[in-house]
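**Q** In case you want the letters, here they are:
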Amino acid sequence: MNKTDDILERLRTAQQPVIDDPDELTERIMGSLDAQDSQATTFSLKGRQWDRSLIIIRTVLSIAALWLIGLFIYTTSDTPAHQLHEQQGLPYYTYSVSSGSTLKDVYTSRQRKEKTTVSYTQLRSKLYENK
Amino acid sequence: MQTNSDIIRQCKGGNKEAFRTVVQTHQRAVFSLALKMLADEEEAKDVVQETFIRVWQSIRDYDPQKPFSTWLYTIASRLCLDHLKRMRRLLPLPEDERVLQRFVADTDSQRTLENSEWVAIVRMLADELSPKQKLVFTLCQLEGLPSAEVEQITGLDARQVKSNLYVARQTIRKRLTHLGYE
Numbered sequence: 126m127n128k129t130d131d132i133l134e135r136l137r138t139a140q141q142p143v144i145d146d147p148d149e150l151t152e153r154i155m156g157s158l159d160a161q162d163s164q165a166t167t168f169s170l171k172g173r174q175w176d177r178s179l180i181i182i183r184t185v186l187s188i189a190a191l192w193l194i195g196l197f198i199y200t201t202s203d204t205p206a207h208q209l210h211e212q213q214g215l216p217y218y219t220y221s222v223s224s225g226s227t228l229k230d231v232y233t234s235r236q237r238k239e240k241t242t243v244s245y246t247q248l249r250s251k252l253y254e255n256k
Numbered sequence: 039m040q041t042n043s044d045i046i047r048q049c050k051g052g053n054k055e056a057f058r059t060v061v062q063t064h065q066r067a068v069f070s071l072a073l074k075m076l077a078d079e080e081e082a083k084d085v086v087q088e089t090f091i092r093v094w095q096s097i098r099d100y101d102p103q104k105p106f107s108t109w110l111y112t113i114a115s116r117l118c119l120d121h122l123k124r125m126r127r128l129l130p131l132p133e134d135e136r137v138l139q140r141f142v143a144d145t146d147s148q149r150t151l152e153n154s155e156w157v158a159i160v161r162m163l164a165d166e167l168s169p170k171q172k173l174v175f176t177l178c179q180l181e182g183l184p185s186a187e188v189e190q191i192t193g194l195d196a197r198q199v200k201s202n203l204y205v206a207r208q209t210i211r212k213r214l215t216h217l218g219y220e
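Heads up: the sequence lines are chains A and B, in that order. For what it's worth, my numbering labels the leading residue of the first sequence as 126, then goes sequentially. For what it's worth, my numbering labels the leading residue of the second sequence as 39, then goes sequentially.
Pulled out of the complex, with its shape left as it was, chain A reads as follows (with noise of 0.2 Å):
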């Protein structure tokens, strides 16, 4: 046997490390469970507080979404104005608007419309006269 296996052999029959107070070492991993129960338990009653304000939240939100729901319908299902007036005998106006969304452009777009209608003798010389 060489030198390595002789001292590796005795290290192994040496004595083996000692704890030197192995009660405290005890009481503290007893302590530490007893910590980590409560601490468990803490956690776990947090949880059933949680879950219980969860369903009021859920709750609420649901019915609110609910009202939402039927505010819309209730507000989408009103009778059209023109069939309105039908029902009721009034008579009824459309307004058409001219193209554009300011006065400027509703103003030429109107111009523009007038200037298109050509009348006969114009044409005429426009395309006769080369007027």
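Only true hints are included.
Once the Cα atoms are required to be at most 20 Å apart in a straight line, the calculated DMTMM-like pairs of lysine to aspartate or glutamate come out as:
| hint | chain 1 | residue 1 | chain 2 | residue 2 |
| --- | --- | --- | --- | --- |
| 1 | B | Lys200 | B | Glu181 |
| 2 | B | Lys50 | A | Asp162 |
| 3 | B | Lys54 | A | Glu152 |
| 4 | B | Lys104 | B | Glu187 |
| 5 | B | Lys200 | B | Glu166 |
| 6 | B | Lys123 | B | Asp165 |
| 7 | B | Lys123 | B | Asp84 |
| 8 | B | Lys54 | A | Asp159 |
| 9 | B | Lys170 | B | Glu187 |
| 10 | B | Lys54 | A | Asp148 |
| 11 | B | Lys212 | A | Asp130 |
| 12 | B | Lys123 | B | Glu88 |
| 13 | B | Lys170 | B | Asp120 |
| 14 | A | Lys128 | B | Glu135 |
| 15 | B | Lys123 | B | Glu80 |
| 16 | B | Lys212 | B | Glu135 |
| 17 | B | Lys104 | B | Glu189 |
| 18 | B | Lys212 | A | Asp131 |
| 19 | B | Lys104 | B | Asp44 |
| 20 | B | Lys50 | A | Asp159 |
| 21 | B | Lys104 | B | Asp195 |
| 22 | B | Lys50 | B | Asp101 |
| 23 | A | Lys128 | B | Asp146 |
| 24 | B | Lys54 | B | Asp44 |
| 25 | B | Lys50 | B | Asp99 |
| 26 | B | Lys212 | B | Asp165 |
| 27 | A | Lys128 | B | Asp144 |
| 28 | B | Lys54 | A | Glu149 |
| 29 | B | Lys212 | A | Glu134 |
| 30 | A | Lys128 | B | Asp165 |
| 31 | B | Lys212 | B | Glu166 |
| 32 | B | Lys54 | A | Asp162 |
| 33 | B | Lys200 | A | Asp130 |
| 34 | B | Lys54 | B | Asp99 |
| 35 | B | Lys200 | A | Glu134 |
| 36 | B | Lys170 | B | Glu189 |
Rather than coming from a laboratory, the hints here were simulated on the basis of the structure.
With chain A held as given, fit chain B onto it using these hints.
**A** Chain B alone, transformed into the frame defined by chain A:
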């Protein structure tokens, strides 16, 4: 007189007094492994504490068909490796060599080794080993566990255990030669 399996069954049922018995029975073995792995007494005690907390938390998953000590060593080994990753490397001190010299010079095979001497010797011998080599070396060589059990604890196959142990022994041999012991 309660058997070991009775105590484990009681622990599975949440009996803390039964678990106290388990702690008292096995804490020294876990401490021994942790001290040889980490070469630090306080870190070793922390590992012992963490090991038994893990054991308590997962005792319901323990399969009674397998040896309890193997399962315990598996948990302890993983925690030791985790601690080794976090710890800064402990370099051998000049006093450590004197402790090794005294140990080598002493011919008493049943020599009493104090924890501080274990720490010094482990620091001297296993300083250059990788964590996996250190674990295999500690379990096989210093704890004297059979290879089959070391395979179960480490999750390595027979070939890997053999090669890790071989490399560890070669590294230690080189270290001892360097120190003039061969």
